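Each chain, written out:
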Amino acid sequence: MDLSPLFITLKVACFGTMVAFITGILAARVVIRMERFKSLADGFFTMPMILPPTVLGFFFLLLIGKNGPVGKFLMHFDMNLIFTWQSAALAASVAAFPLMYRTVRGAFEQVDEDLIYAAQTLGMTNRNIFWKIIFPNSKQGVAAGTILAFARATGEFGATMMLAGNIPGKTQTISIAIYTAVQNGDLPTAYFWTCIIIGLSFGAIIILNGWLLKKST
Amino acid sequence: MDMLYASFEKTIGKFQLNVNLEAENEVMGVLGESGCGKSMTLRCIAGVLTPDRGKIILNGRTLFDSEKKVNLPPQKRNVGYLSQNHALFPNMTVEQNIACGIKGKGDKAQRIINIVINDFCLSGLENHYPNQLSGGQLQRAALARMIASEPELLLLDEPFSALDNTLKWKLEQALLNVWEQFSGETLFVSHNRDEVYHLCNRVAVLENGQMKEIRSKMDLFDNPNTLAATRLTGCRNISRAQRISNFEFKAIDWNIILHSPKKIPNNLQYVGIHAHHLLPMGKEKEENAMMCDIKRKTDAPFSIIVQLQNIQGDCAPIRWEVAKEEWKKLNAHDTINICLPNERFILLEA
Chain C
211 MDLSPLFITL KVACFGTMVA FITGILAARV VIRMERFKSL ADGFFTMPMI LPPTVLGFFF
271 LLLIGKNGPV GKFLMHFDMN LIFTWQSAAL AASVAAFPLM YRTVRGAFEQ VDEDLIYAAQ
331 TLGMTNRNIF WKIIFPNSKQ GVAAGTILAF ARATGEFGAT MMLAGNIPGK TQTISIAIYT
391 AVQNGDLPTA YFWTCIIIGL SFGAIIILNG WLLKKST
Chain B
7 MDMLYASFEK TIGKFQLNVN LEAENEVMGV LGESGCGKSM TLRCIAGVLT PDRGKIILNG
67 RTLFDSEKKV NLPPQKRNVG YLSQNHALFP NMTVEQNIAC GIKGKGDKAQ RIINIVINDF
127 CLSGLENHYP NQLSGGQLQR AALARMIASE PELLLLDEPF SALDNTLKWK LEQALLNVWE
187 QFSGETLFVS HNRDEVYHLC NRVAVLENGQ MKEIRSKMDL FDNPNTLAAT RLTGCRNISR
247 AQRISNFEFK AIDWNIILHS PKKIPNNLQY VGIHAHHLLP MGKEKEENAM MCDIKRKTDA
307 PFSIIVQLQN IQGDCAPIRW EVAKEEWKKL NAHDTINICL PNERFILLEA
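Respectively, the protein sequence lines represent chains C and B. Residue numbers for the first sequence follow my numbering, so the first one is 211 and each next one is one higher. Residue numbers for the second sequence follow my numbering, so the first one is 7 and each next one is one higher.
It is worth saying that the hints were derived from the structure and are not from the lab. Do not take every clue at face value.
A short list of chain C residues far from chain B (calculated; beta carbon distances all over 10 Å) [claimed, not checked]:
#, residue
1, PHE268
2, ILE326
3, ASN376
4, ALA400
5, CYS405
DEER-style ranges, computed between Cβ atoms [stated by the list, open to error]:
#, chain 1, residue 1, chain 2, residue 2, range
6, B, GLY19, C, MET289, 32 to 42 Å
7, B, THR56, C, PHE254, 23 to 33 Å
8, C, MET244, B, SER167, 47 to 57 Å
9, C, ARG337, B, ASN31, 41 to 51 Å
10, B, THR56, C, ASN277, 43 to 53 Å
11, C, ASP322, B, TRP185, 22 to 32 Å
12, B, SER167, C, LEU272, 57 to 67 Å
13, C, GLY409, B, THR56, 49 to 59 Å
14, C, PHE254, B, MET9, 43 to 53 Å
15, C, ARG246, B, GLU15, 19 to 29 Å
16, B, MET224, C, ASP322, 35 to 45 Å
17, B, THR56, C, ILE377, 55 to 65 Å
18, C, MET244, B, ARG67, 26 to 36 Å
Just so you know, these numbers come straight off a predicted model, no measurement behind them. By construction, the Cβ of each residue, glycine as well, lies at the ideal position given by its N, Cα and C atoms.
Extracted from the complex, chain C is given alone in its bound form:
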């Protein structure tokens, strides 16, 4: 049995989660401090969650494809993203980002405003207030957002298919492997990967619950 889909999925999902983790937190920080254009920015950042993954994939194809602006730019350095695991990671990042962003934003906004007022009057800089007060007191939200982002990145299908294609051993993730196996009538393989993905998802939820329970006691 070729286990490469598992490793590709883990590689892509970990990368996607990491990118979504960092950008989601930074985007949430920017948006909570905005006064004007707040809902505009929020709408923009939530877009990838609302659009069908195929549309997302299509947008990125236009952007990083051979004739797209980013694609042309990369051609100068002899680089190509299409049909590589990196583009699958990009798709996973973008798909996972809104989940991270929305969850941590909610958590940041839940932090007691009295704490922030106290920090401000004590003379703490906005940067310190965020990293020393708001962030540590939103750990549950950050944990929940990370798990959701990981789950979304693991299950990404539509955009990945359009950007990275279905190359066994190179870009074929578990979800795509299941699709291919069913298409070919290879049910044992489909069962196998289904069990693996159930295990992965279930494990993620167990970890999340463990973290939340530990935090709340």
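Position chain B against the provided structure of chain C, taking the given hints into account.
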């Protein structure tokens, strides 16, 4: 010059806040019912809320001036703000919390930390997290954190509201110690007349967002001249009043005609009388006295609180507080003749 000048307006929805105050090296009380804009006033001065219009000047520094477009961020105002809940950072120990407000680092910071920990009786609790402390310890730690940041002005927003009476008393003593060393102004916001009376020299009454004149506490408690001030200074018996003649008026809610030796103002609107100022009388009819049903008796530690109602019916209840000894001697059961002594009237004009 050590003084605070604040004059500003802010509107949120239908609520209008209008503040006007000057404080000079003193502890000023701001007395008001819940929702009258007390916290909003302090937040505007601290800089975490921005007023719509006006000016705030502290010790010669302009903190806010809508005309000159000055609006210092709270970080640069050097003002200490203590909210109703202690607002200690839950992810930090007592010592780390205190360190947050100290400008310097190293030895100097450690020295300040040691001083406030000692001053506020927090020794042994330095490495405790807020969820490991009791209510009184939390407020002392919050106070220590505020003082360690060396503010020029203290803003205290009902700092005792979550404490029981014994702790309240202890924290009041801690605050009095602070003021012995602190040279700036303090605004002390509360809805509790006892706290304000214990701690403040002058008192501003905030009524529905409007700040009335500022008066010395003696003067305010002796002659509260507005309905809100009368209520806030602890008068429970207030009735609508209608002037009849120069020395006679009717207390509408109690259905009684009252006489006063002092001339009654033309635009009399309310009459008030403190619960402990009522006097029991004999059976005979007397001036300013009325026969009342005894509706309910409540035992307080040192007195009896009696709910009375004019027997003529359809009247608002009157609260009477009487010492236990005296109540026993009276041996009253269903009715009692009660006098409203005219020298105790609080007459409020429209």
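Hints, verified against the model:
no. : hint                               : result
1   : PHE268                             : holds, 44 Å
2   : ILE326                             : violated, 8 Å
3   : ASN376                             : holds, 46 Å
4   : ALA400                             : holds, 47 Å
5   : CYS405                             : holds, 40 Å
6   : GLY19(B) to MET289(C): 32 to 42 Å  : violated, 56 Å
7   : THR56(B) to PHE254(C): 23 to 33 Å  : holds, 27 Å
8   : MET244(C) to SER167(B): 47 to 57 Å : violated, 34 Å
9   : ARG337(C) to ASN31(B): 41 to 51 Å  : violated, 36 Å
10  : THR56(B) to ASN277(C): 43 to 53 Å  : holds, 50 Å
11  : ASP322(C) to TRP185(B): 22 to 32 Å : holds, 28 Å
12  : SER167(B) to LEU272(C): 57 to 67 Å : holds, 60 Å
13  : GLY409(C) to THR56(B): 49 to 59 Å  : holds, 54 Å
14  : PHE254(C) to MET9(B): 43 to 53 Å   : holds, 49 Å
15  : ARG246(C) to GLU15(B): 19 to 29 Å  : holds, 23 Å
16  : MET224(B) to ASP322(C): 35 to 45 Å : holds, 39 Å
17  : THR56(B) to ILE377(C): 55 to 65 Å  : holds, 58 Å
18  : MET244(C) to ARG67(B): 26 to 36 Å  : holds, 29 Å
Comparing the model with each earlier hint shows violations of hints 2, 6, 8 and 9; every other hint is respected.
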